[in-house]
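Enquirer: As a plain string of letters, each chain reads:
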Amino acid sequence: MTQNTNQKKNYDFEFFGKGSEYFAIMIVNWLLTLVTLGLYYPWARAKRLRYVYGQTALNNERFHFAGTGKEMFRGFIKIILFYIAVMISYMVLLKVVKLPLLAILFLYLAFFAIIPFAIHGSFRYRMSRTSYRGIRFGYRGNRNEIVKKFFKWVFFTIITLGIYSAWLQMNIRKYTHQNIRYGDVEFSNNANGGDWLLLNLKGYFLTIITLGIYSFWWQSEIFAYYIDNMRMTKGEQRIKCSSTATGGGFFELLIVNFLITAFTLGFGKAWADMRTQKFIFDNVKMEGDINIDEIHQTEDEYTNAFGDDAMDFFEIDLA
Amino acid sequence: MKNTIDAKYYDGQSSAPLKAIVVLNDRTNEFHLQIVGEISFVWLLKDLQFEQYGHILEVRNTNYSDAILKIDDKYFSEKFYTAMKQSNSIDIHTRLLNLGLSKITAIAVCLLGLIVLAYFYVLPPIAEKTAALLPESFDNEIGNLFMDSFLRENNIDTTKTKYLEQFAAELDLKNRNPLRFTVVKSKEVNAFALPNGQIVVFSAILENMESFEELVALLGHEASHVNYRHSIKMLCKNLAGYMTVSLIFSDVNGVMALLADNAQRLHSLSYSRSFEQEADEQGLEILMNNKVDPNGMVKLFEQLEKESNIYIPKIISSHPLTKERKDNMHKIISESVYEIKSNDKLNSIFEYIKN
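Sequence order for the protein chains is A and B.
To convert a position in the first sequence, counted from 1, into the numbering used here, add 9.
To convert a position in the second sequence, counted from 1, into the numbering used here, add 925.
Mixed in with the good hints, there may be bad ones.
Below, simulated PhoX-like cross-link-like pairs (lysine-lysine); rule was C-alpha separation at most 20 Å, straight line [claimed, not checked]: (1) B:K1028 to B:K971; (2) A:K27 to B:K1028; (3) A:K249 to A:K211; (4) B:K1099 to B:K1216; (5) A:K79 to B:K1028; (6) A:K183 to A:K161.
If you're looking for bench data, these hints aren't it; they were derived computationally from the structure.
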């Protein structure tokens, strides 16, 4: 039934989120979190994510986040248990075994070691719970593989006194992205550490020379680097992504966001967040010939939110 | 009643949209779906979840979570919402959201107001009650913990410590539990009391004193902080306060950090005004009971005040109402009957401490 595959298709991203609606959600979240003494937090997070996903549309069909508060609550409990277990072991090492150095080393290692697990778990959960037109996204990365690679890259970063961190970041990005699926569409990413390092060195020095003004253009180059390296393929069909954001665009976005937030004592953050999302989706262009009417369900469901909650709990942020 | 409508259906197998005809039966709480050219089936309202985007309604069935029914009709959308509400299938979050932004904001502001009131009027007595429930072993534990880390960064003046112990042994400080005294070498004009009965006096504050009465006043004041468990009470108050604040900001992780933070800063813990007043008054009573001139307390304040021109001592800066405190002392002294005995022993030990 496959039709002509070489025909260019139209892909049109839109973000419909409104500051006032998002603000209302935040307030209700706050109210319910407060009266439940914080227990509602995972449900609040699910509501927030569901709104943001639901307001994002491609060709007039909306994305959907199917994650629930219950799943995230389970993940949250696991994090707390992990945290308590680590703290108890730390206290035992410190007070009973009386090896303070080992205790501190253990503490750092434990919290550090959770990062690759959190990244893996977060991708699996988020992707599995994201869908579009009833077709799920999925993440097929292998946990042991990314854990091994992560520590290898961290080791390189340490022995190169941090220089390798550019590769560390881009390698994680590449690995995770190339394991994303949307039904039978495969994702890939061409980022590499060398380009990333140069881009940031250039951005850093030009920002200093121009007393900060260049930072907006630096930001737009970072954004473009993220977007331009994304590809999707389905058999012979492809999609290439590119950024249309400019330094001027970022300048306007960030300055206005700053003013909105500052002059409303932070309450305007809901509006600023929606402006940012809109800016992002207005500036992602996709070109190619994948027919989005012909995608098939291939990915399994995965409802363990441990990794995603860990990312949230330890405030790990992957752009 | 016509509840029939054209809709779009995604079957969760393919991304291709299908045409469907939907009939909502609000008496049996059912949805009849007829996929054009294909099968027809029934969805029960109790199994459904939905999102509303303006007029657009996206309905999902929890039993087949991938399938989506998409309906674009204002009338139908409202009808559906009412039916869902009647079958109690709408969660609290969505119900609140549907009150509209202004009502939600009003509720939030009221609640915030209540919390602020509770923070000032309900929390302090509760915190104090909690402190009363804590065993004294807790006071010792936390005091020892702090003292250990404090001594790692500060040096004890052993000679002066010995004299200070002798000095204190001559006094009745009304303590129920043993007190310990330590002088540390420091240019900071400061003194503090820990809940385990440890009183730490910085050498600089001693150098500024002119008479032994001032030292008795200082010890009386600090001993009263211990006797009335002020630091534990403040700790409970601060903790409860911070917990309220982190609750307001939904910051669950903050509470953890806070516990550690408070134990670290035990010596710069600023007491509330009423606690300072209590320590002043009880300290004054200690002076009188020991037949020492109560004006020593006033002199101590003046000494500290003078010092603050050059170096702002913590003991003053944390309580800026020195004048008020002095007036209070004067008032009590003038209303009291007391006896003063010259005390050569205290005086001579004081001279040793000074030199």
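Enquirer: A separate judgement is required for each hint: does it hold in the structure or not?
Expert: Verification of the supplied hints:
1. B:K1028 to B:K971: violated (28 Å)
2. A:K27 to B:K1028: holds (18 Å)
3. A:K249 to A:K211: violated (26 Å)
4. B:K1099 to B:K1216: Roughly 14 Å between the alpha carbons, so the hint for K1099 of chain B and K1216 of chain B holds.
5. A:K79 to B:K1028: violated (28 Å)
6. A:K183 to A:K161: With a Cα-Cα distance of about 15 Å, the restraint between K183 of chain A and K161 of chain A holds, given a limit of 20 Å.
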